[in-house]
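Asker: As a plain string of letters, each chain reads:
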Amino acid sequence: MLKSEAKKMSSPCCAKNAATAPLAAAVSSDWTLREYLDHFRCRISGLRMRYAVKPGLYTAGNPDKNSDVFVSANYKMSFDILRRSLKGMNVWILVLDTKGINVWCAAGKGTFGTDELIKRIGASQLENVVSHKRIIAPQLGAPGIAAHIVQQKTGFRVYYGPVDARDIRRYVEAGYQTTEEMRRVKFTVWDRLVLTPMEMIPAIKIYAIYAALIFFIMGLKPSGIIFKDGLANGLPFIFLGFLAVLTGALVTPLLLPFVPFRSFAVKGWIAGLVFTFLGIQNISIAAPAAVFSFLFFPLASSYIALQFTGSTVFTGMSGVKKELRFALPIYMSGAFISFVLLVFFKLKEWGIL
Amino acid sequence: MKYLTNVTSLGFFPDACTGCERCVEVCPHAVFVMSGKKAALSDKDRCMECGACARNCAFGAIAVNAGVGCAAAIINGMVTGGKPSCGCGDTAGECC
Ligand code: SF4
Ligand code: SF4
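In order, the protein sequence lines correspond to chains L and G. For the first sequence, position 124 matches number 124 in my numbering, and the numbering has no gaps at all. For the second sequence, position 58 matches number 58 in my numbering, and the numbering has no gaps at all.
Treat the hints loosely; a few may be bogus.
What the hints assert, rightly or not - Derived contacts from chain G toward chain L, CB cut-off under 8 Å, selection only:
id	residue
1	3
2	34
3	40
4	44
5	48
6	49
7	63
8	68
9	80
I should point out that these hints are in silico values taken from the structure, not numbers from a laboratory. As the structure is a prediction and not an experimental result, all values here were calculated from the model. Glycine included, each C-beta is placed from N, C-alpha and C at the ideal position.
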């Protein structure tokens, strides 16, 4: 399927309507194989940020003076999803400079915003390009755009299209009407799954430091570091630590609606408790180490799960602040007590206590 | 899915509302509905404080303390003493 898409693209469009609009660049609605691969890399790596298109006016198909104008961010992934959704339509696409950030985040920051939109409308001389006064912005850009101010300053009325670009065709066909369902953000298992790599990567980085630290502490003897002991005594903790990362960054986000309670910290803690319990069944571990495990790992999982609030589409700032107010002191004291316990065990092991 | 209840900073002042329906159009969680000639709140607890409604209400009938509901951003803001920010500024790495 990818191949056929790529083949279709091998004869690029371009420059056909350059005459009708000297200011606009033409784009195709199809994705190249290269773009499919880039999108995938984008999901799993830090590439997201620099994946940008040049701001300005573009054409899809052969738009004329009556064609619709869609507004997009210059994050290439947002732009690509939009242009693919416009396949077969003749429209203008006005790309704002959002520093390569997606519409939703850029709107929150204000780069997908009133001033930038007004500036781009001016710079592209939109009033000479089209004879109407309608522009269609993605609904998720609304936090950044004051539609009434745009209209005051430019004469263009902003219509907010559907949340999901894939609904654009239905929206246009319905006479620019969104249904209640098109206006709501959804948060499906799939949505959550594609977000988990971004949760896993930072967590794994911290985990690597944690694993090295555990290995070092477990192998530490008054006489130096014993490699064999580090491995033998450290492995259960390294294993449980990995479980905590998985629980916080993958299991909790995926099972979000099914883990009890609304607080993400509590959800992560409960999931962490369950998985620590299951994990401990499979390894032999001394009683004091189990005490440490039940204290430390559920809290770690809770902390990681709380980070997922940054990826959700329904957690507000006041709510997250409230969670942090009770969770942060618990994390800090939990980490401190865990450390004291560890020192205590070590001293006992060495026969000092 | 719903988040914590009774925390949102969303405020609605029906007296200033002209019934232009912008808030209903922009809210991604259907917090606003039309009730006769004015807007009304359906379920405040679904509000995620994105600020779209307040920014697009030309009549000042809505106020909300908009911001990112993101733990890393808020911790970031606590550490730097500034506004919560997801660190995805002009040069930094990924965000949200
Ligand atoms: S946007 Fe403002 S004036 Fe318009 S319906 Fe909503 S609250 Fe009322
Ligand atoms: S702040 Fe956002 S989520 Fe809350 S009511 Fe307004 S538009 Fe809806």
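Asker: Determine for every hint whether it applies to the structure shown.
Answerer: Hints versus structure:
1. 3: holds (5 Å)
2. 34: Violated, about 12 Å.
3. 40: violated (15 Å)
4. 44: violated (11 Å)
5. 48: holds (4 Å)
6. 49: Since the shortest Cβ distance to chain L is 4 Å, the answer is holds.
7. 63: With a closest approach of 13 Å, the residue 63 of chain G hint is violated.
8. 68: holds (6 Å)
9. 80: For residue 80 of chain G, the interface hint is violated, since the closest Cβ of chain L sits about 15 Å away, which is over 8 Å.
Checked against the numbered hints listed earlier, the structure breaks hints 2, 3, 4, 7, 9; every other hint is satisfied.
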